[in-house]
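Novice: Chain order of the listed sequences is R and Y.
Here the UniProt record's numbering is used: the first residue of the first sequence is 1, the next is one more, and so on.
Here the UniProt record's numbering is used: the first residue of the second sequence is 1, the next is one more, and so on.
Please keep in mind that the hints were generated in silico from the structure rather than gathered at the bench.
By construction, the Cβ of each residue, glycine as well, lies at the ideal position given by its N, Cα and C atoms.
There could be a bad hint or two in this list.
Below 27 Å or equal to it, Euclidean Cα-Cα: the simulated DSS-like pairs (lysine-lysine) are [stated by the list, open to error]: (1) Lys70/Y to Lys16/Y; (2) Lys75/Y to Lys257/R; (3) Lys236/R to Lys75/Y; (4) Lys236/R to Lys145/R; (5) Lys91/Y to Lys75/Y; (6) Lys236/R to Lys98/Y; (7) Lys91/Y to Lys236/R; (8) Lys226/R to Lys91/Y; (9) Lys101/R to Lys98/Y.
Distance ranges between label pairs, derived from CB positions [unchecked claim]: (10) Asp55/Y to Pro356/R: 56 to 64 Å; (11) Lys98/Y to Ala371/R: 51 to 59 Å; (12) Asp55/Y to Asp344/R: 50 to 58 Å; (13) Ala328/R to Asp44/Y: 34 to 42 Å; (14) Arg221/R to Ala68/Y: 53 to 61 Å; (15) Pro356/R to Gly56/Y: 54 to 62 Å; (16) Asp55/Y to Glu141/R: 41 to 49 Å; (17) Leu43/Y to Ala328/R: 22 to 30 Å.
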Amino acid sequence: MNEHVTVRPTSEWTDQDGVVRRIRIPAPIAMLAELTHRCPLACPYCSNPLELEGVETELSTEEWISVFQQAASVGVLHLHLSGGEPAARRDLVELTAAAAKAGLYTNLITSGIGLTEKRITELSEAGLDHLQLSIQGATPELADKVGGYKGGYGRKIAVAEWTHAAGIPLTVNAVCHKQNMDQMGDMLDLAVRLGARRIEIATVQFHGWADRNRQALMPTREQFLKANAFVAEARKRLEGIIVIDYVGADHHASYPKACMGGWARTGLNITPSGKVLPCHAAETIPSLRFDNVRDKTLEAIWYEGEAFNAYRGDSWMPELCRSCDRKAIDFGGCRCQAMALTGDASATDPVCIRSPLRQLLSEQADADSLAEPPAFVYRGR
Amino acid sequence: MSEPVAVTVTGSTVAKLARGVRLREDPVRGLNVLLAPERALALDDIAVMIVNALDGERDLDAIASDFASKFDAPKDQILADVIAFVDEFSKRRMLELKS
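Next up, chain R with everything else stripped away, as it sits in the complex:
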């Protein structure tokens, strides 16, 4: 691994007056490290791929530490230690310490299962900056049903209390869908009670496992509108107490999300075996080939990797997007969603009201949202 990027590569961007400019590729800000795909939970909307990577393929402690050091030197500021369940890695404390030493802001994204009071204290001493704890509902019955793990809810409450006692700032992460959206207010109250400074209320994104559970998870249009109004009201009421980050159901919205802040513009994702992806779902695009940190430097992969350059700039965009006044806002939406719904990863995200497929998407979303929810297809089971 001795290659260096000498000339900063650029991508093409066409201005509104039709002038093509070459713009420099920005350094990455955030990196999501999927330390493992092992997880005791089996959430039916898991963001891990349908084909999970086995423990025998996982990067070693030394390999992860090298990746963290490379990330820091290439410009990454935030490191998200994720999974699967990152606590399933026995070297989690050691990895956290190495990342903190490299200057990275370390955020542990966890279900809480596998963390003990002792381990949380050790993480705190290792320099963990922040902990993000998932909750699946506001009652043990619903939460444990969604997570597919009995006793999970009670354990999470204990983990939140230990985190608070250790002084580590806490974010509660509430993934919302048809079956728990009506508990949104209770989940927010729970987060405040647990001492969280921040809550992420994010509606399920329909890729991978979630796509297999569309009828069980797709919120209704009414739930979507109610959630939007609730969040707007709660943000005012709880200003200065808790920060609310919210991702609404894009299938009911008018414009697509600015997925990843634009392809390969701000962040990257490392799989347990070291594959480097522009987003966690990128492997659903069959035409892309992904580099591995075992073969190349992170810097070379970020600036020169085929998968990273595939959808940078706007030269890949269909005319509908390239000439659109919103292209610098949403970058044409989500490539993986375009792939899943149109079979073409460079198509306009069908969530966009300007997409010719939007009508079809709305009809499908409405039908799924109104269906009697079938039993969950749990991840990995």
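Given chain R's structure and the hints, the job is docking chain Y onto it.
Specialist: Just chain Y now, with coordinates in the frame of chain R:
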């Protein structure tokens, strides 16, 4: 666990960065950045000076007096700016306040 309460920021407020919020140099971009959960804010020189002055001991009034003498500028104006800054960052839950 006690329920947190939103605080009104005044000249007698004492503030410091909350745990999990830190200021660092970003040599790759040549900036000073304030890092918090899911946030990275580029700070200009004045903002860096204010953040560095929030030591959890002096109140905002004392900090404004210090700046006023250093920069030969009207204290009331500086205090208003510092209060507005602290209020904004407090709403983002990036500061610990006492008053």
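Novice: For each hint, tell me whether it holds in the structure or not.
Specialist: Hints, one by one, checked against the model:
1. Lys70/Y to Lys16/Y: holds, 21 Å
2. Lys75/Y to Lys257/R: Given pair Lys75/Y, Lys257/R is violated - Cα atoms ~45 Å apart, limit 27 Å.
3. Lys236/R to Lys75/Y: Outside the cut-off at roughly 32 Å; violated.
4. Lys236/R to Lys145/R: violated, 32 Å
5. Lys91/Y to Lys75/Y: Holds, at about 24 Å.
6. Lys236/R to Lys98/Y: holds, 22 Å
7. Lys91/Y to Lys236/R: With a Cα-Cα distance of about 11 Å, the restraint between Lys91/Y and Lys236/R holds, given a limit of 27 Å.
8. Lys226/R to Lys91/Y: holds, 25 Å
9. Lys101/R to Lys98/Y: Violated, at about 31 Å.
10. Asp55/Y to Pro356/R: 56 to 64 Å: Once the Cβ atoms are compared, 59 Å apart, the range 56 to 64 Å for Pro356/R and Asp55/Y holds.
11. Lys98/Y to Ala371/R: 51 to 59 Å: Holds, at about 53 Å.
12. Asp55/Y to Asp344/R: 50 to 58 Å: holds, 56 Å
13. Ala328/R to Asp44/Y: 34 to 42 Å: violated, 24 Å
14. Arg221/R to Ala68/Y: 53 to 61 Å: holds, 56 Å
15. Pro356/R to Gly56/Y: 54 to 62 Å: Cβ of Pro356/R to Cβ of Gly56/Y: about 58 Å, so the range 54 to 62 Å holds.
16. Asp55/Y to Glu141/R: 41 to 49 Å: holds, 48 Å
17. Leu43/Y to Ala328/R: 22 to 30 Å: holds, 25 Å
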